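4 protein chains.
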Amino acid sequence: MSEIDILTEYFKKFPGIGPRQARRFVYHILRQDNSEIEKFTGLISDLKNNIRVCKMSYVHFYSTKNEELSQIERDPSRDNKVLMIVPTDTDMENVEKQRVYNGKYFILGGVISPTDTNPENKIRSRELISSLTKRIENGLTEIIVAMPVHRDGEHTMDYLIQLLEPLSRKHNIKISTLGRGMSTGTELEYIDEHTMKSALENRK
Amino acid sequence: MSEIDILTEYFKKFPGIGPRQARRFVYHILRQDNSEIEKFTGLISDLKNNIRVCKMSYVHFYSTKNEELSQIERDPSRDNKVLMIVPTDTDMENVEKQRVYNGKYFILGGVISPTDTNPENKIRSRELISSLTKRIENGLTEIIVAMPVHRDGEHTMDYLIQLLEPLSRKHNIKISTLGRGMSTGTELEYIDEHTMKSALENRK
Amino acid sequence: MSEIDILTEYFKKFPGIGPRQARRFVYHILRQDNSEIEKFTGLISDLKNNIRVCKMSYVHFYSTKNEELSQIERDPSRDNKVLMIVPTDTDMENVEKQRVYNGKYFILGGVISPTDTNPENKIRSRELISSLTKRIENGLTEIIVAMPVHRDGEHTMDYLIQLLEPLSRKHNIKISTLGRGMSTGTELEYIDEHTMKSALENRK
Amino acid sequence: MSEIDILTEYFKKFPGIGPRQARRFVYHILRQDNSEIEKFTGLISDLKNNIRVCKMSYVHFYSTKNEELSQIERDPSRDNKVLMIVPTDTDMENVEKQRVYNGKYFILGGVISPTDTNPENKIRSRELISSLTKRIENGLTEIIVAMPVHRDGEHTMDYLIQLLEPLSRKHNIKISTLGRGMSTGTELEYIDEHTMKSALENRK
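Residue numbers (the working numbering), protein chains in the order written: chain S, 15 to 218; chain R, 15 to 218; chain U, 15 to 218; chain V, 15 to 218.
Bear in mind the hints are in silico, worked out from the structure with no lab data behind them.
Nothing here was measured: the structure is a model prediction, and the numbers come from that model.
Among the clues, some could well be false.
Since the list gives no way to pick one copy over another, a pair counts as held whenever it fits inside one copy or between any two copies.
To be verified - Straight line, CA to CA, 20 Å or less: simulated DMTMM-like cross-link-like pairs of lysine to aspartate or glutamate:
1) K111 / E17
2) K218 / E207
3) K27 / E17
4) K79 / E17
5) K62 / E50
Using the sequences and the hints, build the whole thing.
Next comes the structure, spelled out in structure tokens:
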């Protein structure tokens, strides 16, 4: 196997990349200036060395100092009373971009499926529970379980609601889920029962 | 042009049908038994002769008697107090299929675009207004403007809200719109500002 | 089931049509003028009554007289020495449109798959053999087996070559297949072995 | 802009990659072990340092020695009499994979479009001409212009045929192009005139 083949194999493992596109990536890199390539590989090494996982929210963050908490976690202007549980870093990034939420986050690390036998190994359920002790001390009053609306997302939502129930009762913390209704692109011609029902209930 | 070509031309005018599929439709018909074809053309003629447009809701309905109102319109168990304005017959059919709404309907005949110069020629705004007089007599208290969530749908919604405003004020009729939020398939990674905001506001 | 539903069911059986598009077809028809609909259903009946299958080529053709042979079959300027076997009427129509072939045709009625247990019931192999007797009398010297280049097409090609072999030997008739090579849209980056090999062999 | 954003920007420049997939690439890298990342960046640097462009065929090749010619160019078992001109490295790689060609190659560096004003700046036409002098000394008798079958590919083919014409006449070198015909996936229902004509001419 040639060196070009070996690098192609690396790119084939990138999410959503097949053999042909992996090959094109190699030739794309070969066409760059040496200085560009150095910046690129340097950035990857730097990022890998200095990326951390926040001890409270489990979000990835970059820090050259010995910080243990992400920027949002440390930000005193963010609301300690509300926590939103989202599957991934990119989900959090997109919610942040909309600038409609000012609470804290917890990155679950994915969603679970009804067929998963050991869900606690697939998502950070233990880390969630232990981080909540500290959050409750800091005045937490509501946990928003924010999951995508598909089979696994809804299963994960049910799983978390059950998991958090004892804690919710003991500390009087509200467990909420995101409102359902018409989202951008929804057409009446294709609307399903649950969405239509919520759209009627939440009408203004 | 052969007879096969002429029939192909008819099928090319069907919504979403290109020349090749139109041709395949012709051969599909030629493969049917004579009795099947007679039933098919008979059904088309029968439907065309006996289809009516409801004088109140403007929905198409089939009736061999001289009825002026659709089945839903005549149904005494349907709620006269609520009216849902939808763009098309198929929108209404799908909402009905979900079995979550028990009021009446008005078929607008489509949506309008911000670039339309004479929107009143494209949708049934005059028919809407005149049908409302009768509905108000019958106890109407709320009009739900149910439009798809895209540019033209939202423009039509704004147009109708403005159109209905004087009537709403005079007769104390609530004008409402369907609730926004997470719909089936929505992922946090792709959610837009409006949907996220509503999903947070409508959280339970 | 309403009359609209029944007609929807008919359209759902059209090739490539799902329930929603079938529904849109019904409403498309309901929007037409009565005279248009009459022309449409009249044309279907007329076509169904007067379409014939050519006794020699098995192509569908329209004729109000009692003709037994299609126009191409009767055309004295067409070459009797060459016969092209194609799967369907639409294949023949498209080959004709290219105006590069002047022989006769035989419509096989489809292709067969390696998993078909009784291929002779799926395609017109018997009709092919019996029509060839007459063609050989009329001076046939070559049969072009023109099949699409995919698994079933190539299997049908092999099947026909074997079927025609005894006849070919007895009457000294050439059995040929269409040339392989670069076709419109072929890219070297995706070319397969067979196509590349033929493209090299047939290079000019 | 955070370090994650900067690396995302690099990946956005990869061929066919949008902002979301670029982001996923960053998180994909962050999930790898440090040793994997080191191998990956090390491989990129090594490749970039040791990749060369062959002085005769202009193909990229990896060599830690000071070699000036690619492996195929140096291979004494490859036929010096035939040269195939292909647009890109990946075209050559795919042709090689089919194992049906044993001559040499020239990588043109792309195709040109009828609207290009200075085609000689976009492809290696000068390098082609000068490399041919040496090849003619080594016994070259045929140049295969192997271009994809689309507008730009065919325009490039015409351009090269004209460019090579004087040289062809002077040194009695055959200029050939790949044969046209049915390629894998071609259906008679969609075949175009040129392909049908060639498929008939090249029939066997």
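Unmet hints by their number, sorted upward, for this structure: Hints that this structure does not satisfy do not exist here, as all of them hold.
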